[in-house]
Amino acid sequence: MSEAMTGAAAPAEDELTARRRAVHAMGGAAKLQARRDKGILNARERIDLLCDPASFAEMGEFAHSARPEDKDRTPADGIVTGFGKVGGRVVAVASFDLTTLGASSAMVNIRKLGYLKESASRAGIPCAFLIESAGARMPDIQGAVGMGRIGQLSSTNRERDVPWVCAVLGPCYGMGTWYAVLSDFTVMRRDATFSVSSPKVTAVALSQEITAEELGGSELHADVTGQADLVTDTDAEAIAALRAFLGYLPPNSSEAPPASTAPVQAHAPEVVEALIPTARNKVYDGRKLVEALADVGSVQPFRPRHGRTLETALARLDGQVVGIIASNPMRKGGAIDAASCDKMTEFIVLCDSFNIPLVLLADTPGFLVGLQAETQGVASKIMNNLRALALSTVPKIAVVVRKSYGQAYLNLGGGEADAVAVMTTGEVGFVDPAVAVSVVHNRRADGGAEYAALMNDMVVSNSPFELAGIFAAQAVIRPGETRDWLIRMLQVFRRRPQGGIGRHRLSTWPTNF
Amino acid sequence: MSETKATIEAKSEITGRVFQVEARIGQTLAADDTIMVLESMKMEIPVVAPRAGVLREICVVPEDNVEEGQVVARLSPT
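Sequences listed follow chains A and B, in order. First residue of the first sequence: 319, per our numbering; consecutive thereafter. First residue of the second sequence: 261, per our numbering; consecutive thereafter.
If you're looking for bench data, these hints aren't it; they were derived computationally from the structure. Worth double-checking, as some hints may not be accurate.
[What the hints assert, rightly or not] Below, a list of computed lysine to aspartate or glutamate pairs in the EDC-like style, where the Cα atoms sit at most 20 Å apart:
(1) A:K600 - B:E269
(2) A:K403 - A:D355
(3) A:K518 - A:E532
(4) A:K606 - B:E328
(5) B:K271 - A:E768
(6) A:K606 - A:D636
(7) A:K403 - A:D366
(8) A:K349 - B:E328
(9) B:K271 - B:E328
(10) B:K271 - B:E282
(11) A:K356 - A:D509
(12) B:K302 - A:E531
(13) B:K271 - B:E327
(14) A:K349 - A:D388
(15) A:K403 - A:E376
(16) A:K606 - B:E327
(17) B:K271 - A:D366
(18) B:K271 - A:E436
(19) B:K271 - B:E299
(20) B:K302 - A:E376
(21) A:K600 - B:E299
(22) A:K600 - B:D292
(23) A:K606 - B:E323
(24) B:K302 - A:D603
(25) A:K600 - B:E323
(26) B:K271 - B:E323
(27) A:K389 - A:E363
(28) A:K600 - B:E317
(29) B:K302 - B:E269
(30) A:K389 - A:E379
(31) A:K403 - A:D388
(32) A:K356 - A:D551
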């Protein structure tokens with residue numbers, strides 16, 4: 319009997335094994351070897367790196383193209399999907415297999431992605447997209463029938479109910495690019511590219527000869543468009559960045575971000591004291607202030623190469639996740655330009671959507687004004703930014719580090735924060751004292767005693783104690799006391815009645831501005 | 261001259277005036293080392309080396325006005 323059973327079971331097992339081997343061979347040994355020679359991982363190796371060992375359960379392993387003639391050359395229909403664990407927590411994963419018809423989008427893999435996203439929303443788990451894609455598959459999507467089917471099947475909507483993270487790990491056009499820009503956090507390998515259309519299309523459509531790098535390289539997206547939040551040299555580093563980022567986020571918007579249970583290490587208060595120059599016209603590196611205030615080793619920069627006059631970073635304070643927005647006077651003196659303003663707005667939306675309290679550190683001469691700023695529509699950006707801050711319901715704790723002038727004072731929490739402290743080094747006013755003397759008294763620096771007296775009046779009127787005197791600031795603190803004060807205020811302003819869960823009024827705002 | 265692999269361009273990030281040049285031609289700089297200091301928005305704002313390199317050319321002198329995006333120095337990569 320046992321022999322009979324073995325005999326009966328063997329063919330089924332063989333078929334499963336054989337089919338699995340064929341699917342896992344992806345686009346064939348030669349293509350996989352060519353990637354290996356270049357140090358580029360394949361779609362399945364990337365999943366192994368992202369997910370905890372043996373945690374990945376594939377969904378749709380035996381799916382293939384809906385076109386009978388492509389059935390045998392479209393393993394998994396070019397996109398490997400399933401559920402794995404990252405740091406012990408369940409995550410939905412889609413890994414695009416460029417060796418299978420360029421991981422081009424077609425009916426079955428679009429259905430797989432739709433299933434994955436809908437399942438993730440129902441289950442309240444993050445989605446991770448490991449992408450490279452040639453774009454739409456021809457002839458599948460050619461013609462009215464092909465395009466009509468896409469309209470019926472494809473949905474790129476999201477309601478920010480679960481985090482989406484994305485690594486761009488090769489050339490990417492069309493649908494892959496949509497995932498890059500829809501995600502909360504997008505990392506690019508340095509030589510990867512993403513754009514709406516490929517250079518082939520632009521060459522025909524616009525007679526524009528351009529390289530893939532010029533059209534959508536990591537320098538363009540990290541420095542200019544801000545559509546890449548981080549750039550890494552290798553696949554492994556990009557995937558490690560996704561794992562790290564997910565470690566700061568809750569699995570969905572109905573849960574609080576995960577607190578760290580590891581022992582907390584803090585920098586000495588003297589580090590902060592030493593960092594901040596007392597002279598008004600000297601600068602310091604805002605990134606170092608963020609590092610000095612946060613738990614040691616906890617700072618994960620968000621888009622560090624774009625909008626550099628404001629640093630945005632996820633970090634931990636006493637083990638609790640916070641989103642830090644900090645002026646960087648090293649860059650343009652900390653004046654908030656259009657790119658920084660948009661980056662900050664996007665970061666507020668991200669943090670508010672996932673219940674991450676905000677810490678705002680102001681040291682800015684104001685918004686960068688002038689012809690270029692106005693041409694970029696900076697007025698609208700400033701109001702979008704202020705509305706985002708006002709509509710957000712997470713705790714917001716603000717500190718004026720040194721100067722905080724004009725509208726920028728308001729956008730960095732002056733009117734909206736739960737609590738405002740001014741450091742003893744801080745000053746708040748409408749403009750810089752020298753500008754104020756020039757406007758009010760029509761006087762420029764001349765070395766004379768009268769000018770010095772006028773300047774002194776303006777400086778005194780900007781004093782921390784003036785702001786605290788009308789209770790616009792609730793505390794005046796020494797720079798070295800900042801970390802302790804922030805930790806106390808974050809404890810005080812926890813949203814206890816809602817269990818730390820916000821109202822998410824920004825969750826439908828764009829993922830990119 | 262546009263940036264090539266053999267040249268790193270340091271640009272002014274802001275419209276302002278050159279206050280003082282701190283680095284010397286031939287000096288080896290790390291990324292983010294200060295090349296010169298501009299005065300703008302009533303502040304002293306550094307222009308730093310975008311990447312590590314040897315300073316080959318300084319294109320401005322103190323008191324010069326500079327525009328945002330203007331190349332103010334060039335380095336060769338180390």
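Structure-based check of all given hints:
1. A:K600 - B:E269: Not OK: K600 of chain A and E269 of chain B at ~24 Å, beyond 20 Å, violated.
2. A:K403 - A:D355: violated (29 Å)
3. A:K518 - A:E532: Answer holds: K518 of chain A to E532 of chain A is near 13 Å, not above 20 Å.
4. A:K606 - B:E328: violated (25 Å)
5. B:K271 - A:E768: violated (39 Å)
6. A:K606 - A:D636: holds (18 Å)
7. A:K403 - A:D366: Roughly 10 Å between the alpha carbons, so the hint for K403 of chain A and D366 of chain A holds.
8. A:K349 - B:E328: violated (46 Å)
9. B:K271 - B:E328: Holds - the C-alpha atoms of E328 of chain B and K271 of chain B are around 8 Å apart, at most 20 Å.
10. B:K271 - B:E282: Distance of about 15 Å is within 20 Å: holds.
11. A:K356 - A:D509: holds (12 Å)
12. B:K302 - A:E531: At roughly 38 Å apart (the allowed maximum being 20 Å), E531 of chain A and K302 of chain B break the hint.
13. B:K271 - B:E327: The given pair, whose Cα atoms are some 9 Å apart, holds under the 20 Å limit.
14. A:K349 - A:D388: holds (18 Å)
15. A:K403 - A:E376: Roughly 12 Å separates the two Cα atoms, so the pair holds.
16. A:K606 - B:E327: Violated: K606 of chain A and E327 of chain B sit about 28 Å apart, past 20 Å.
17. B:K271 - A:D366: With a Cα-Cα distance of about 42 Å, the restraint between K271 of chain B and D366 of chain A is violated, given a limit of 20 Å.
18. B:K271 - A:E436: violated (47 Å)
19. B:K271 - B:E299: Cα-Cα ~14 Å, so holds.
20. B:K302 - A:E376: violated (59 Å)
21. A:K600 - B:E299: Roughly 10 Å between the alpha carbons, so the hint for K600 of chain A and E299 of chain B holds.
22. A:K600 - B:D292: Judged against 20 Å, a Cα distance of about 16 Å means the pair holds.
23. A:K606 - B:E323: violated (30 Å)
24. B:K302 - A:D603: holds (17 Å)
25. A:K600 - B:E323: holds (18 Å)
26. B:K271 - B:E323: holds (16 Å)
27. A:K389 - A:E363: Violated, at roughly 23 Å.
28. A:K600 - B:E317: violated (26 Å)
29. B:K302 - B:E269: violated (25 Å)
30. A:K389 - A:E379: Between K389 of chain A and E379 of chain A the Cα gap is close to 13 Å, so the pair holds against 20 Å.
31. A:K403 - A:D388: Roughly 32 Å between the alpha carbons, so the hint for K403 of chain A and D388 of chain A is violated.
32. A:K356 - A:D551: Holds, because 13 Å separates the two Cα atoms, which is no more than 20 Å.
Checked against the numbered hints listed earlier, the structure breaks hints 1, 2, 4, 5, 8, 12, 16, 17, 18, 20, 23, 27, 28, 29 and 31; every other hint is satisfied.
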